[in-house]
Amino acid sequence: MHSTNYVLAFVMTMTVGVALVLALLSSSWKAKSKENEAIFNKRAILAAVKDHLGGMDPKTMSDEEVLEIFGQNVTQMALNMDGQEIDAAAVEAAGHKGGMAENIDMKKEKKKPEAERIRPLFVYKKDGKEFYILSIRGNGLWDEIWGYVALESDWNTVAGAAFDHQGETPGLGAEIKDNTSWAAQFKGEKIFDNQGNYVSIAVVKGGAAPSNPHAVDGISGATVTANGVGEMLERGLKYYLPYINKVDDSKKLSLN
Amino acid sequence: MEFFNIFIKAAFIENLVLAYFLGMCSYLAVSKTVQTAFGLGLAVIFVLGITMPINWMINEYLLSENGLLGMDLTFLRFILFIAVIASMVQLVELVVEKFSPSLYNSLGIFLPLITVNCAILGGSLFMVSREYNFSESVAFGLGGGFGWFLAIIALAAIREKIRYSAVPPALRGLGMAFILTGLMGMAFMSLMGIDPQALGDLTH
Amino acid sequence: MAENTIQESAAPEKENIVLDPQVVEKKEREPLFGKAERKLLTDPLSDNNPVTVQVLGVCSALAVTSVVYPSMVMAVAVVFVCAFSNLFTSIIRNHIPKQVRMIVQLVIIATLVTIVELTLKRFSYPVYKELSVYIGLIITNCIVMGRLEAYAMANKPWRSFLDGLGNGIGYGLILVVVAFIREVTGKGTLFAGSGIEIKIIGPSTEYAINTVATSGIGTWFSWYSNNNLMVLPAAAMFIIGIYIWIQRSINPKLVDIS
Chain A
1 MHSTNYVLAF
11 VMTMTVGVAL
21 VLALLSSSWK
31 AKSKENEAIF
41 NKRAILAAVK
51 DHLGGMDPKT
61 MSDEEVLEIF
71 GQNVTQMALN
81 MDGQEIDAAA
91 VEAAGHKGGM
101 AENIDMKKEK
111 KKPEAERIRP
121 LFVYKKDGKE
131 FYILSIRGNG
141 LWDEIWGYVA
151 LESDWNTVAG
161 AAFDHQGETP
171 GLGAEIKDNT
181 SWAAQFKGEK
191 IFDNQGNYVS
201 IAVVKGGAAP
211 SNPHAVDGIS
221 GATVTANGVG
231 EMLERGLKYY
241 LPYINKVDDS
251 KKLSLN
Chain B
257 MEFFNIFIKA
267 AFIENLVLAY
277 FLGMCSYLAV
287 SKTVQTAFGL
297 GLAVIFVLGI
307 TMPINWMINE
317 YLLSENGLLG
327 MDLTFLRFIL
337 FIAVIASMVQ
347 LVELVVEKFS
357 PSLYNSLGIF
367 LPLITVNCAI
377 LGGSLFMVSR
387 EYNFSESVAF
397 GLGGGFGWFL
407 AIIALAAIRE
417 KIRYSAVPPA
427 LRGLGMAFIL
437 TGLMGMAFMS
447 LMGIDPQALG
457 DLTH
Chain C
461 MAENTIQESA
471 APEKENIVLD
481 PQVVEKKERE
491 PLFGKAERKL
501 LTDPLSDNNP
511 VTVQVLGVCS
521 ALAVTSVVYP
531 SMVMAVAVVF
541 VCAFSNLFTS
551 IIRNHIPKQV
561 RMIVQLVIIA
571 TLVTIVELTL
581 KRFSYPVYKE
591 LSVYIGLIIT
601 NCIVMGRLEA
611 YAMANKPWRS
621 FLDGLGNGIG
631 YGLILVVVAF
641 IREVTGKGTL
651 FAGSGIEIKI
661 IGPSTEYAIN
671 TVATSGIGTW
681 FSWYSNNNLM
691 VLPAAAMFII
701 GIYIWIQRSI
711 NPKLVDIS
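Chains as they are written, first to last, in my numbering: chain A, 1 to 256; chain B, 257 to 460; chain C, 461 to 718.
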C-alpha cells in the first residue's frame, strides 16, 4: 500500500499532465474543427440544391469549393415568426453565436415556444435563377430529424430536398438521408395549390399517385420516420408563410 | 408529464440494452441466475439515477462555454464523466456496506463492475447529445436504469429455463445468450410503432 | 467486469499467456518479435477472440456494424486506444497506487479516447458526426479495461503493446465481419458512406446486379431482395451467436460447461 500523500501526489500529477496535453491538442485544433463544422453545415444546405450546382456533388466536392459557392452564390437572412428580417444582434440575442443565419441552431429553436422562434433563409443564385432554401426540423422514430428544402423562384415548386437524422434505424428510417432517390422524389412537388392555399407535401404509405403534386411515396418498413418527415414539412414550411406572403402576395397567409 | 414520458420512453421504447445494445458485457456475463441479475439490475438503476444529474450539472456549469468558468472545456467531458461514475460507484459501495451489510453481501461484487458498464456512460453521453434539461436527465437516468433492470431479469429467467433444453453443445451458454438477446431485441421493436408524438414529443 | 469474465470464459488464456511472460522475463535479452510475441498478436484473432471467447466489448460496437465503413473507423480507433493504453499503463504499472488503480486506468483510456475524438473532429468531421456517441463509449469498452487488468498491469511495455494490438485487431475483425454480412445482405452495398461506395445487388439500375432487370444476369436474381432484418441491431446478435456456434463446433475446447 502506498501512503496517502503518494496517492494524492500521483493523482495530481497525472490530472495536470493529462489536462495539459488535452488542452494543448484541443486549443491548437479548435479553429480547424470549428471550420470543419461550418463546412459540414454548408454542405448540408447546398445538398438541397444539388441538381443546380453545375454538376458538382455536395458530398464529394472539396472544402474550398463549398466555401467558394457559399461565398459567391448564397445570401442568407434570419426571419422571425412574423416574417420580418432580423439583424445579427437579434440572432445573437436569440442564443446563436456568430449572428449569421447559418449559425442558427435549429435544435435550440425547437425548444423555444413557437412564437419566439427564428428561422434561417438561404437564397442561392445560379445563372440568373434564384432558389430559396428553407430549414426544417422535426421528430423521427428515435430522435430528431431535419432537412433543407429548396424552392424555385415561384416560392412553390420544390427544386430539391435533403434530410438528415440523429439516430434513425440504418436501412429503414435512415433511408431519408442515405437513399438519394427517395429524397429526389420531392423535386417538382408543389407546396401551394392553384388557388395559393398552403397544402405542403404529404408522405404517403404504400405510394402516392404520380399525378398528385402534393404527395410522395413513403419508405417501406419506416412508416413512423416517413410520417415524421411529412409532419416536419407541414409544420416547418408553414413557419415561412408570413415571409412568403410578404414577397409574393399570390400566396395566402393561412396560419391555422 | 414530460418527466413520465421520458421515463417510459427510456425504459421501454428506447431500452438501453435491447434497442441500443449498451451494457452488453455485464448483461451477458451476469445473467446466469435471476438472483444475481436482480442485484446488478438494482445497482444499475441506482448508479444511473445519481450519475446522470451530477454529470448534467458538470456539463452545464463546468464544461460549457456559458458555465461558471466561461471556457469551453468539453474536451474534458469523457474524463470527468467517467471519474464521476467511478467515484459514485465507490461511494455507493461504501454507503451500502456501512448501512446495509445484507444488501452489500448480495450486491457487493457487482458494484465495481458497474463502472465499466457502457450503459452508464452511454446514458450520460446520450443526455449530452440530446440536450436534455435537468429534470429530463433525471427521468432518462431512472427510466434507462429500469429498462436495463427489466431486460437483464428477463434474460436471466430465460437462461435459467433453457438449461433444461436440448441446445446444441456448441451453442450452449454464450452463443444461446446472444441469440436470445437478438430475439428479445426484435420483440421490443414492436414497441417502436408507438407514436413518439404522443409519448416523447415535448417541443412542437 | 474484467476479472469476472476472464475467470469464467478465458481459462485457456491464463495458462499460456499470463504465465509465460514471467518465464521470458528471466531471460537475458528478449527477442523483439519472437514466437511468444507473434502468439500475442494472433491468439486474439481466433481461439482467444475478445468478443466471441472472452465476451468482452460486445457493448458499444454492435450498433455501428450495420455498414462496413463506420465499423472500420471504430475498429481502428479501438486498436489505437487498446494498444496505447496497454503501453502507457504497463510503463507506469509499478508506480500506480493500488487504491486508485481503476481511476488511473480509466483516466488513461479516457485521455486516449478524447485524442481520437479530437483527431476525428479535426481531420474527418463527417465520420465524427456519424460515430459521435459511440466513440465515447470506447472508454467503457470492456476489452480495453479487461486487457489492462489482465495483462498490462503485470507485463512489460512492448509485450503489453502487442497484446493490446492483438486484442484490438481481434475485436475489429469481428466488427468488420459482422458489418460485411449485414451490409451486403441488408443494403446490397459495400462501404456505403465512404468515398468508394460499391452497389452490389438491389432493385434498380444503380446496382451491379439489378434484381428487377428484364435481361442479363439480374434476371437470375429476381427472387432476391435485400433483407431489412439484417440492418436491425438484433441481426448483429444473431450473426455473433452463429459465429460462436461455428467456432465452438470447430474447437470444442472453447465450450463452457455452465
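The reader is advised that the hints may include incorrect statements.
To be verified - Residues from chain C that face chain A, not an exhaustive set, calculated with beta carbons under 7 Å:
1) 571
2) 574
3) 578
4) 582
5) 688
6) 689
Calculated from the structure, these hints are not laboratory results.
C-beta atoms are modelled at their ideal positions from N, C-alpha and C, and glycine is treated no differently.
Verification of the hints:
no., hint, verdict
1, 571, "holds, 5 Å"
2, 574, "holds, 6 Å"
3, 578, "holds, 5 Å"
4, 582, "holds, 4 Å"
5, 688, "holds, 5 Å"
6, 689, "violated, 10 Å"
Going through the hint list in order, the structure does not satisfy hint 6, though it satisfies all others.
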